[in-house]
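Undergrad: Taken in order, these protein sequences are the chains called A and B. Residue 1 is where the first sequence starts when you use my numbering, and the numbers rise one by one after that. Residue 1 is where the second sequence starts when you use my numbering, and the numbers rise one by one after that.
Incorrect hints may have been included.
[To be verified] Calculated lysine to aspartate or glutamate pairs in the EDC-like style (CA-CA distance at most 16 Å, straight line):
(1) B:Lys151 to B:Glu257
(2) B:Lys251 to B:Asp215
(3) B:Lys238 to B:Asp215
(4) B:Lys11 to A:Asp91
(5) B:Lys82 to B:Glu119
(6) B:Lys8 to A:Glu85
Don't read these hints as lab results, they were simulated from the structure.
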Amino acid sequence: MKNRIRVLLFVLLFFAQIIINRYINVLTLNIDLLYLIILYISIKKGVVKTVVFASLIGWATDYFTCGIIGVFGFSRVITAFLINEVFRYIDLRKNIFVFLFIAISLAFSNIIANIFLHFIFGYKILLSLVVYQPLLTGFVGMILNIFPKMKKVLNVY
Amino acid sequence: MFQSGNQKEQKITVLVLVLFLNLFLMSSSIILKNKRSLFQNVISSFASPFQIGFQKTIDFISFELKHYVFLKDTFDKYYDLKKRITKLKYENYILRKKIEGFGFLKSIEKKFDSFIVTEVISVDNSIPFNSVMINKGSKDGIKKNMVVLNKKVELVGKIVEPITWFTSRVRLVTSNISGVGAYIKDNKLEGLLTGGNNKLCNFNYLIETMPVKVDDLVITSGTDKIFPPYISIGKVVKITKGHLIQEVYVKPFFVEESIKQLIIIKDEK
């Protein structure tokens, strides 16, 4: 049952991401909801699954953002791997740590992607990608984590 | 938890492989410049149906929503216009009557300021042509004895108890306990119009010799101090000569049409 709800939640996040991408001009919300799925998988699953899923979701992010497949795939894989290694040293019961964990890891992941985009593909260093998006995503992740029912469903601890 | 060296190696291998795959994909984008690689096409083919499906759904919903909003607006406008027409009809009627009988009306300074448009929500089924229930009550300012007209500004009845917060009852002029002071329009012969719980009303107290003919218009006289004068009630449909008085049957206009919407004269100055 919990598993179904979890899958449903991920599907909802996926569609929410599509909606955000579709109405970004109106909503002016730069959030990466797919990253929350990567984060969950990194915490709950083993290295192999983490790396594979991070790559797949990273490709989806590539498709939604710049269209260059591999950029976010690469950065998400590295981040997911690192999260998988270090998450056990962080107290995820405290919401502020959840927020910081999401924001910092996403910022790190986006910096890697932005470096590739900047040096190889000539994109500018985007403040929205490195600062705003991690903060907003961290905030959303923290909100999701606030509800006890959600904690139960996600079974993070 | 300690992992065996073999397991660790495997994990690192997977990580490196996936990273290399991503680097390879990136580099293919550089080589192909702006052209899409086969893999990009695969990814696009996988993700685009979701986007298209989503877009189509959104388009469909917004299209239907726009239609709904448009229809609602149209309906509101239609309803407002209907109200305005009713109001204009009523004003027109009052003005027409004032012009028609200006000399006669000199003493009458009555003027109706406002009215309420209401809907009939139920009809008294057990006693025919007796009363109807309307969807306006004391919260809308409905009071006992307020005059009720139909859309063509013809007399229907008056408000009687019970008046609740949201509903009230209208006693029709065709009710056998109703009485309306009335004139034969052409010759100003006065009498009392009473109902009989059927389609016809009786025009009482008209002496046999008084000249009345079929199709004469009957209007309110105002002498009962409830119904204002010069409101059309109906027309004479049958006359029976009696010993001293004549039996005149009047068919109210409202019985010929549905009484879905009614007008209540709210304030009388």
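Undergrad: Against this structure, judge whether each hint is valid.
TA: Now for the hints, and whether the structure bears them out:
A C-alpha spacing of about 10 Å is found between Lys151 of chain B and Glu257 of chain B, which places the hinted pair at or below 16 Å, so the restraint holds. Only pairs whose Cα atoms come within 16 Å are accepted, and Lys251 of chain B paired with Asp215 of chain B is accepted, the gap being roughly 10 Å. The suggested pairing of Lys238 of chain B with Asp215 of chain B holds, with an alpha-carbon distance near 9 Å, which does not exceed 16 Å. Restraint check for Lys11 of chain B and Asp91 of chain A: the C-alpha separation of about 25 Å exceeds 16 Å, so the hint is violated.
For the given pair, Lys82 of chain B sits about 13 Å from Glu119 of chain B by alpha-carbon distance, which is consistent with the 16 Å threshold. Of the pairs offered as hints, the one joining Lys8 of chain B and Glu85 of chain A holds, with about 12 Å between alpha carbons and a cut-off of 16 Å not exceeded.
In this structure, the one hint that does not hold is number 4.
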